[in-house]
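Given chain A's structure and the hints, the job is docking chain B onto it.
Protein chains in written order, with the working numbering: chain A, 1 to 723; chain B, 724 to 962.
Think of the hints as simulated: they come from the structure by calculation, not from any bench. None of these values were measured; they are calculated from a predicted model. Each residue gets a CB set at the ideal place from its N, CA and C atoms; glycine is no exception. Treat the hints loosely; a few may be bogus.
One side only, chain A facing chain B, incomplete, derived with CB under 10 Å [what the hints assert, rightly or not]:
1) Arg169
2) Phe408
3) Ser414
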Amino acid sequence: MKRLRWYLCATVATLALTVPAHSDEQHRLPFRPTLNTYGLPGLIDMPSAHAMPDGELGFTFSHAVTGSRGTLSFQVLPDVTATFRYAGIPDFAPGPGTGTLDVYYDRSFDLHWQVLDERGWRPALAIGIRDIAGTGVYGGEYIVATRHFGPEDRVAVSVGLGWGRLGERNGFTNPLGILDDSFETRPGIVDVLGGTLNTDQFFRGDAAIFGGIEWQASDRLRVQLEYSSDTYREETADGLRPADTSPFNIGATYAINDVFTGGAHVLGGDTFGLSLSLALNPHRPSLPPGAADPAPRPLDVRPRQSTPYDTGWLDQPGGADILRANFEQTFEDQGLYLEHLALDTGRATVRVRNTRYNYSAQALGRVLRAMSASLPPSVEVFEVIFVVEGMDTTRVRVARSNLEALEFHPDGSSLLLAGAGIEDARRVADPVGLELDVPPPRFTWAIGPYLETSVFDPENPFLFNVGVSLRAEYRLGGGFVAEGAIRAPLFGNLEDARIVNAPPPNPPPVVRSDSARYRAENAAYLNRLTLAHYGRPAENLYSRVTVGYLERMYAGVSGELLWQPAASRLGLGVEINHVRARAYDGGFGLRDYSVTTGHVSAYYRLNDDFDLQVDAGRYLAGDWGTTIRLDRTFNNGWRVGAFATFTDVSFESFGEGSFDKGIEVEIPLAWFVGTANTRTLSSTIRPVQRDGGARLNVQGRLHDLVTDYSRPMLQETEAMVWR
Amino acid sequence: MALRRVLLTLAAIAALAALAGCDSRDSRDSRERDPAVSVARDLLREIFDRSGTGAPDAPPDLRAVFTRDLIDQAATPLVYVQIDSIQARAILWPVATNGPDETWRGEDALTLTLSREGVLRATRGFIHDLHASDIEGTRRALATARAGRVSRLAIRLGGDLAQIRTSHACDIGFGAPEAIAIFGETRRLTPATERCIETATGDAGFENRYWIDAAGLVWVSDQWAGAELGHVHIERLYR
Numbered sequence: 001m002k003r004l005r006w007y008l009c010a011t012v013a014t015l016a017l018t019v020p021a022h023s024d025e026q027h028r029l030p031f032r033p034t035l036n037t038y039g040l041p042g043l044i045d046m047p048s049a050h051a052m053p054d055g056e057l058g059f060t061f062s063h064a065v066t067g068s069r070g071t072l073s074f075q076v077l078p079d080v081t082a083t084f085r086y087a088g089i090p091d092f093a094p095g096p097g098t099g100t101l102d103v104y105y106d107r108s109f110d111l112h113w114q115v116l117d118e119r120g121w122r123p124a125l126a127i128g129i130r131d132i133a134g135t136g137v138y139g140g141e142y143i144v145a146t147r148h149f150g151p152e153d154r155v156a157v158s159v160g161l162g163w164g165r166l167g168e169r170n171g172f173t174n175p176l177g178i179l180d181d182s183f184e185t186r187p188g189i190v191d192v193l194g195g196t197l198n199t200d201q202f203f204r205g206d207a208a209i210f211g212g213i214e215w216q217a218s219d220r221l222r223v224q225l226e227y228s229s230d231t232y233r234e235e236t237a238d239g240l241r242p243a244d245t246s247p248f249n250i251g252a253t254y255a256i257n258d259v260f261t262g263g264a265h266v267l268g269g270d271t272f273g274l275s276l277s278l279a280l281n282p283h284r285p286s287l288p289p290g291a292a293d294p295a296p297r298p299l300d301v302r303p304r305q306s307t308p309y310d311t312g313w314l315d316q317p318g319g320a321d322i323l324r325a326n327f328e329q330t331f332e333d334q335g336l337y338l339e340h341l342a343l344d345t346g347r348a349t350v351r352v353r354n355t356r357y358n359y360s361a362q363a364l365g366r367v368l369r370a371m372s373a374s375l376p377p378s379v380e381v382f383e384v385i386f387v388v389e390g391m392d393t394t395r396v397r398v399a400r401s402n403l404e405a406l407e408f409h410p411d412g413s414s415l416l417l418a419g420a421g422i423e424d425a426r427r428v429a430d431p432v433g434l435e436l437d438v439p440p441p442r443f444t445w446a447i448g449p450y451l452e453t454s455v456f457d458p459e460n461p462f463l464f465n466v467g468v469s470l471r472a473e474y475r476l477g478g479g480f481v482a483e484g485a486i487r488a489p490l491f492g493n494l495e496d497a498r499i500v501n502a503p504p505p506n507p508p509p510v511v512r513s514d515s516a517r518y519r520a521e522n523a524a525y526l527n528r529l530t531l532a533h534y535g536r537p538a539e540n541l542y543s544r545v546t547v548g549y550l551e552r553m554y555a556g557v558s559g560e561l562l563w564q565p566a567a568s569r570l571g572l573g574v575e576i577n578h579v580r581a582r583a584y585d586g587g588f589g590l591r592d593y594s595v596t597t598g599h600v601s602a603y604y605r606l607n608d609d610f611d612l613q614v615d616a617g618r619y620l621a622g623d624w625g626t627t628i629r630l631d632r633t634f635n636n637g638w639r640v641g642a643f644a645t646f647t648d649v650s651f652e653s654f655g656e657g658s659f660d661k662g663i664e665v666e667i668p669l670a671w672f673v674g675t676a677n678t679r680t681l682s683s684t685i686r687p688v689q690r691d692g693g694a695r696l697n698v699q700g701r702l703h704d705l706v707t708d709y710s711r712p713m714l715q716e717t718e719a720m721v722w723r
Numbered sequence: 724m725a726l727r728r729v730l731l732t733l734a735a736i737a738a739l740a741a742l743a744g745c746d747s748r749d750s751r752d753s754r755e756r757d758p759a760v761s762v763a764r765d766l767l768r769e770i771f772d773r774s775g776t777g778a779p780d781a782p783p784d785l786r787a788v789f790t791r792d793l794i795d796q797a798a799t800p801l802v803y804v805q806i807d808s809i810q811a812r813a814i815l816w817p818v819a820t821n822g823p824d825e826t827w828r829g830e831d832a833l834t835l836t837l838s839r840e841g842v843l844r845a846t847r848g849f850i851h852d853l854h855a856s857d858i859e860g861t862r863r864a865l866a867t868a869r870a871g872r873v874s875r876l877a878i879r880l881g882g883d884l885a886q887i888r889t890s891h892a893c894d895i896g897f898g899a900p901e902a903i904a905i906f907g908e909t910r911r912l913t914p915a916t917e918r919c920i921e922t923a924t925g926d927a928g929f930e931n932r933y934w935i936d937a938a939g940l941v942w943v944s945d946q947w948a949g950a951e952l953g954h955v956h957i958e959r960l961y962r
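Just chain A, same shape as in the assembly (with noise of 0.2 Å):
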């Protein structure tokens, strides 16, 4: 239960309610933008060109007669947004021959780039693209600019050009016609999967203008009136809207607090709306970094003297014992524990396990100050190697009169870092004279709640599983690790996931898309049922052989190899599984599935923003292809990434979404609780779940295990060296 799910965030999210807002200046225009009902930067319907702030995730919620549409947005880099919907359309028929449908739920992706930022006289200007890879009902491009007016930049006044969807009212012929006469006609959509670029769309057919202004009333009360150049011709078709309303839309938004904003709206004086949206920034967590936690013990700094340090204590019977105890007491309730020490009169060298630290730097910090309370003077030298899964990461090197030197620097944390040796644990050997070797319990086990979710499905907005949970661990020694999960599911509607009746043609064979069938067997399950081997075959390489029940729906075995520097940016990766599906209900039983699967993989951080992790093998159907992940990351632990897969599977046999896609958010709890805490809340959206490009969901991969201690997230963390 390392990772809860992400919509356990919703109540965690409320806690953050209780915190008193920042400042006021988190209000006003500029700063944050209203996100209109597509939960793009905006007014009511339309787009400004503003942009959230940087790394801002955005939740929308929009509710008319004409549809409910649900929305995250993203600011990825500080001039580009990028958002998913998902929305629901009662009694529409989303195209000509498909007949009217209860509700048509709709997927789309947009992109919405601020060009230019607002500046002396000139406004700022955005372009964007809504419904990039969809099937279009709210498909349209925009061009807009935005200007702030009057003291402190109460009003801001936006006008642009539409196209698609936004160039309905009053359309003109496009002038991007005199580029090319193609761009005077936008030919309908010939792609019905959805999932690949519209581009024979973009900025094509009539364009139309459209405008509005909003006025900051106070701190918290916003005032939007807009012209909007969007007709909703479809939905009045389908008699939603009456036909000839006012092109004029009116709305409030209220900032509730610094998280929630709530917003009414009518448009054209016929259509009455809410919206409320939450916005959540990795900058702005409702408490400090580490701010819950008790403050850590100082560092016990040695007595100066001018003779050598007394070395004797090192053949003193007994002395393992008191060492022992010494860090017994400093590791006490720390969620840190010492499994072996090696020692000479100059230079220690301990290995910790750490349960608690999110923060790296965090717990390398804490290590340390129990190395300066329990060790004898004349120790010099401070070596950590954080254990993890029994196998050795790093080695950190520390001066020990360094750390005494920089306890209060104000560059304390950044040159204690920085003057750190960090090397493989394995490149050179530990000091010989006095160890301790403290072995972990063999036996662990933890029951508790669990929820599993899955959201966006085609034809079911959410759909989840709540159940207890029961895990248990036994480490036989020498890296081999025995693990069992059973689960029983208490209530939810997950078996409602969509089976799919009409399968594409050709299509490849049946691997993930069957999943809502594991879940209708209701009853207690097995969830996981490994022997595990863990280890260090050679500096810089890691490996892990896992043999079992590797998933709910998989079991086999699967082995992997990873080259992993300690200071390297780059990380290899090769593994190979040999499955066979398993049966439906949970049990020991399986199918007649079977498939060798496997990847090589690299992983990349480009730069303290951004990884980049390529896998490139066979995937669960057999089929051959190419995984791109990109994750903005940021240094306290949140992520926010895509992914796309693209295999050998045509589009036309994957069927609806063409290609394997999504997006993951990752948050740790610690930001949203202030105190140190190794659990994230992290959640996939995937547009659909198809059975192209489909991987092993085997636990224990080794790039997330090992890489916490590595270089570039040691001197990421590196603030909380000394919390």
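Only chain B this time, still in chain A's reference frame:
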């Protein structure tokens, strides 16, 4: 329907939160075994026992409880700290010394680090801590009783672990010595004022006040610890 499902889910989540998971990990209470701390704690316990306040929930009025006699009997130096922004009053004792810096701690897991002379260096365990600072200019000015301009640096942690540095330019001035009572003992101390403006913006910053003896030791002070924590009032309770 969808809304009802969401509400059901939220109810389920609340139930989940209530049904706290348990596991095999040992979770004993924290017991500090540091001898220095236990001495100080015993002293405090003794003092509060003597104070005879019947209601354990009522915070003791430290000024009434800590008589000069008790302070003189204490085997360890103590400081009285009052932080109005969080309505905190506490007696702290020293738990560590690192060069010119002394870290003081009380019953709660909160610490203040003061320079040897008594200038605030850092805080830990408060929601909004003063992460680190450069106070060398102030220390020199107080030690030498020399008025003039000094520079200062305050560092706090941002949400994404950024170390946010704010520089201040501070004018230090001294007044005429005056009699100041500290828990029943009157000392003749020189008042000093440190008026700081933000170097980058020129905005008004904060004002610190110190009362120092002839050796430059700060006996009473009101020192700024950041926008949220505001001023920390500190009095030294030993000879």
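Do the hints match the structure? See the list:
Taken as an interface hint, Arg169/A does not check out: its beta carbon lies about 31 Å from the nearest beta carbon of chain B, beyond 10 Å. The criterion of a C-beta within 10 Å of any C-beta in chain B is met by Phe408/A, whose closest approach is roughly 5 Å, and the hint holds. The restraint placing Ser414/A at the interface with chain B holds, with a minimum CB-CB distance near 8 Å, inside the 10 Å limit.
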